[in-house]
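A.B. asks: Take a look at the letters that make up each chain.
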Amino acid sequence: MMTARPTALIADDEPLLRDALARLLAQAWPELAIVAQARNGREAVELFETHRPDICFLDVHMPGLSGIEAARAIGNRAQLVFVTAYDQYALQAFEHGVLDYLVKPVEAMRLAETVARLQQRLRAAQPLGDIEALIEQLAARLRTGSEPARLRWLHVAVGSALRLVAVDDVDYLRSDEKYTRVAWRGDGGKPAEGLVRTPLKDLAARLDPAQFVQVHRSVIVNLRAIGQVKRGDNETATIQLKGRDEVLPVSRSYLHLFQQM
Amino acid sequence: MVTIAAGLEAPSVRAMFAWPRLRVALAVSLIPFLLLVWQWTSGPHSLLIRTTALGLAGLAAFGVLERWPHRLPRWLARWVLQLLGVGLAMPLTMFLFYYLSTEPGAPAFWRDADRLQGFLGLSIIGMMLGWWTGLFALVRQKDVLARQQALALELQRSEFERQALDSRLRLLQAQVAPHFLFNTLANVRELVEARSPQAPRVLDSLIAYLRAAVPQLDAPATTVGHELQLVRAYLEIMHMRMPDRLQFELQADESSLGLRCPPMTLLTLVENAVRHGIDPGEEGGRIDVRVQRQDGRCCAEVRDTGVGLRAAAADAGRGNGLGTGLSTLRERLQLAFGGDAQLRIEALQPHGVCATVQFPAVDARRGRQTSA
Numbered sequence: 001m002m003t004a005r006p007t008a009l010i011a012d013d014e015p016l017l018r019d020a021l022a023r024l025l026a027q028a029w030p031e032l033a034i035v036a037q038a039r040n041g042r043e044a045v046e047l048f049e050t051h052r053p054d055i056c057f058l059d060v061h062m063p064g065l066s067g068i069e070a071a072r073a074i075g076n077r078a079q080l081v082f083v084t085a086y087d088q089y090a091l092q093a094f095e096h097g098v099l100d101y102l103v104k105p106v107e108a109m110r111l112a113e114t115v116a117r118l119q120q121r122l123r124a125a126q127p128l129g130d131i132e133a134l135i136e137q138l139a140a141r142l143r144t145g146s147e148p149a150r151l152r153w154l155h156v157a158v159g160s161a162l163r164l165v166a167v168d169d170v171d172y173l174r175s176d177e178k179y180t181r182v183a184w185r186g187d188g189g190k191p192a193e194g195l196v197r198t199p200l201k202d203l204a205a206r207l208d209p210a211q212f213v214q215v216h217r218s219v220i221v222n223l224r225a226i227g228q229v230k231r232g233d234n235e236t237a238t239i240q241l242k243g244r245d246e247v248l249p250v251s252r253s254y255l256h257l258f259q260q261m
Numbered sequence: 001m002v003t004i005a006a007g008l009e010a011p012s013v014r015a016m017f018a019w020p021r022l023r024v025a026l027a028v029s030l031i032p033f034l035l036l037v038w039q040w041t042s043g044p045h046s047l048l049i050r051t052t053a054l055g056l057a058g059l060a061a062f063g064v065l066e067r068w069p070h071r072l073p074r075w076l077a078r079w080v081l082q083l084l085g086v087g088l089a090m091p092l093t094m095f096l097f098y099y100l101s102t103e104p105g106a107p108a109f110w111r112d113a114d115r116l117q118g119f120l121g122l123s124i125i126g127m128m129l130g131w132w133t134g135l136f137a138l139v140r141q142k143d144v145l146a147r148q149q150a151l152a153l154e155l156q157r158s159e160f161e162r163q164a165l166d167s168r169l170r171l172l173q174a175q176v177a178p179h180f181l182f183n184t185l186a187n188v189r190e191l192v193e194a195r196s197p198q199a200p201r202v203l204d205s206l207i208a209y210l211r212a213a214v215p216q217l218d219a220p221a222t223t224v225g226h227e228l229q230l231v232r233a234y235l236e237i238m239h240m241r242m243p244d245r246l247q248f249e250l251q252a253d254e255s256s257l258g259l260r261c262p263p264m265t266l267l268t269l270v271e272n273a274v275r276h277g278i279d280p281g282e283e284g285g286r287i288d289v290r291v292q293r294q295d296g297r298c299c300a301e302v303r304d305t306g307v308g309l310r311a312a313a314a315d316a317g318r319g320n321g322l323g324t325g326l327s328t329l330r331e332r333l334q335l336a337f338g339g340d341a342q343l344r345i346e347a348l349q350p351h352g353v354c355a356t357v358q359f360p361a362v363d364a365r366r367g368r369q370t371s372a
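Chains A and B, in that order, are what the protein sequence lines are.
Using the numbering used here, you'd call the opening residue of the first sequence number 1 and step up by one each time.
Using the numbering used here, you'd call the opening residue of the second sequence number 1 and step up by one each time.
Excised from the complex, chain A in its bound form (with noise of 0.2 angstroms):
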């Protein structure tokens, strides 16, 4: 095991940035054979599986599969190396961790302490330990790095076509089924409707509660869409909307919302 030469892949979606770190590698390390170039995380995986390396450099942005998704179905059977680019989110995710990691342009300097690490761990013989959990928390920490934002465009199905349209645009939403039904501004100002995959309730939490409100159980509207609020019979109202003919139910438990006219 420690006569013949240690193995790594290399997995990065850019040509080039493939070859530099090659480079930098025999460098750093010309004992390392090189035995795998991937260009994304499915092949990483598949030319894993078929070459088994010691090491793994991966990219942790590519295509397809990502360099953390790749990580995890490698789990401990090889020696992991991140490889990210000069991003906030990434470069906070791995500090806080064990994990080692490599930012690109990769330096010379700070190849050569991660090559250190790695040997050392090769020469000792370690059991990788519980490479999962790590690889969970660094997901984890990516994930929140970019915290969800408040929603801007929906994706709205307008007959056979599939089109964005902006947030602000839209008049009001309404639930149709595990399906929403969203009336919006169209262009030049025409009304126009969709459907979006979405139930009601998911896109409720997401949209920004000073402009739009629910009104009843499944219907939300744009605040500055409503024309005029009726009241009703039985402690209900009826608001018309400007430009547009329909007519959407306030129901009584969203009645109060309007009490102060």
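These are calculated hints, taken from the structure and not from any lab test.
No experiment lies behind these values; they were computed from the predicted model shown.
Possibly wrong hints are sitting among the right ones.
[Said to hold, decoys possible] Quick look at which bits of chain A chain B covers, simulated, 3 or more residues with Cβ under 8 angstroms:
id, region
1, 12–20
2, 104–112
3, 153–163
[As the list claims (entries may be wrong)] Label pairs and their computed distance ranges (CB to CB):
id, chain 1, residue 1, chain 2, residue 2, range
4, A, Phe258, B, Arg71, 21 to 31 angstroms
5, B, Trp131, A, Arg150, 56 to 66 angstroms
6, A, Arg224, B, Ala77, 32 to 42 angstroms
[Unchecked claim] Rough simulated footprint, nothing fancy, chain A against chain B, three-plus residues with beta-carbon under 8 angstroms:
id, region
7, 187–200
8, 236–248
9, 278–287
10, 323–329
11, 342–349
Ideal Cβ placement from N, Cα and C applies to all residues, glycine included.
Please build the complex by placing chain B on the supplied structure of chain A, with the hints as guidance.
C.D. replies: Showing chain B alone in chain A's frame:
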């Protein structure tokens, strides 16, 4: 949102007799007192009561008519009504006083020359002073209102300025992202190390990109031709980085190159196409940019054969994703063209996205001349 006050709110009943108003009424009511006290036969007290009553009556009339009746006929301005009311309130109040203070058995006050003189004197002085005071108060009110409106307008303008500045700041943050820069430099370093003949050309593209991207901060607008240069530089760099996954082509009408265009319009769409369309797919795809000029409008289209909108939904949760770039683009288009620009993003079959921007065709040179 700042709304301009339509008018001062009518005061509540308590506010009608609020101290500032009350002290003015009482102070003014001292004038008839001082004028008449020398010749007042029934003693200063009775005069003081009457003049104070005049002051209070005028104040009450002014205040009540300020809010009631709620709706006035078109030909009657509220201030006219208020002044008329104040004028009427004086003789009415004096009538009441004189009538009620007539001793039982004594003749009606209008038969008593002395008392009649008192009544007329107080009523007339009251009316004059009432009108003057009322007018003075109304003019002051209008003055305050005008100042409020000016302030509100000022606030609205600075709010607008702040929004425009915010938008430009976000533009600045979006440009030259470290992620893009360092990744590209890593690629370039490799080319240089390998003594590749491509290296100078790629560096040229990077220089062109940086040069085009950075000065946008000061210019509120740039030209379509300039945008295309920026987009070309960017696509050349990305093609160098992932040659197996990106093909592209740019096409533009000659007549569209000199048209005014908000900065980063095309670049935002192309960046989205690369980041969210081409890059996530293992096989990549192709980007086609077309700019046309038709009938006073300019239409720019960015098509890609990448993973399409469905997949992008997964990214939509993250902060600096597809959503933010498009939202700021929408803002910039609003700021530049009001409602006259359109942004449309549609899915393509079998996979991919077509992003279209349409805006009025304004010659950049002419545009600069007409703007202050």
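A.B. asks: Determine for every hint whether it applies to the structure shown.
C.D. replies: Evaluation of the provided hints:
Closer than 8 angstroms: that is the beta-carbon criterion, and the region 12–20 of chain A has 7 residues meeting it against chain B, so the requirement of 3 holds. Chain B is given as covering the region 104–112 of chain A, and this holds because 3 residues of the stretch bring a CB closer than 8 angstroms to a CB of that chain, at least three being needed. Check on the region 153–163 of chain A: 5 of its residues sit with their Cβ under 8 angstroms from a Cβ of chain B, so the three-residue criterion for coverage holds. Between A/Phe258 and B/Arg71 the CB atoms are about 24 angstroms apart, so this pair conforms to the stated range of 21 to 31 angstroms.
In this structure, B/Trp131 and A/Arg150 meet the distance hint of 56 to 66 angstroms, their C-beta atoms being roughly 58 angstroms apart. Separation of A/Arg224 from B/Ala77 is about 34 angstroms and conforms to the stated range, judged on CB atoms against 32 to 42 angstroms. Counting residues of the region 187–200 of chain B whose CB falls under 8 angstroms from any CB of chain A gives 6; the rule of at least 3 is met. Residue count for the region 236–248 of chain B with a Cβ under 8 angstroms from a Cβ of chain A: 6. That meets the three needed, and the coverage hint holds.
Here's how the region 278–287 of chain B fares: 5 of its residues keep a CB closer than 8 angstroms to some CB of chain A, so the rule of at least three is met and the hint holds. Interface restraint, the region 323–329 of chain B with chain A: holds (4 residues with C-beta to C-beta distance below 8 angstroms; minimum three). Taking a C-beta to C-beta cut-off of 8 angstroms, the region 342–349 of chain B contributes 6 residues in contact with chain A, enough for the three needed, and the coverage statement holds.
Hint violations for this structure: none, all hints satisfied.
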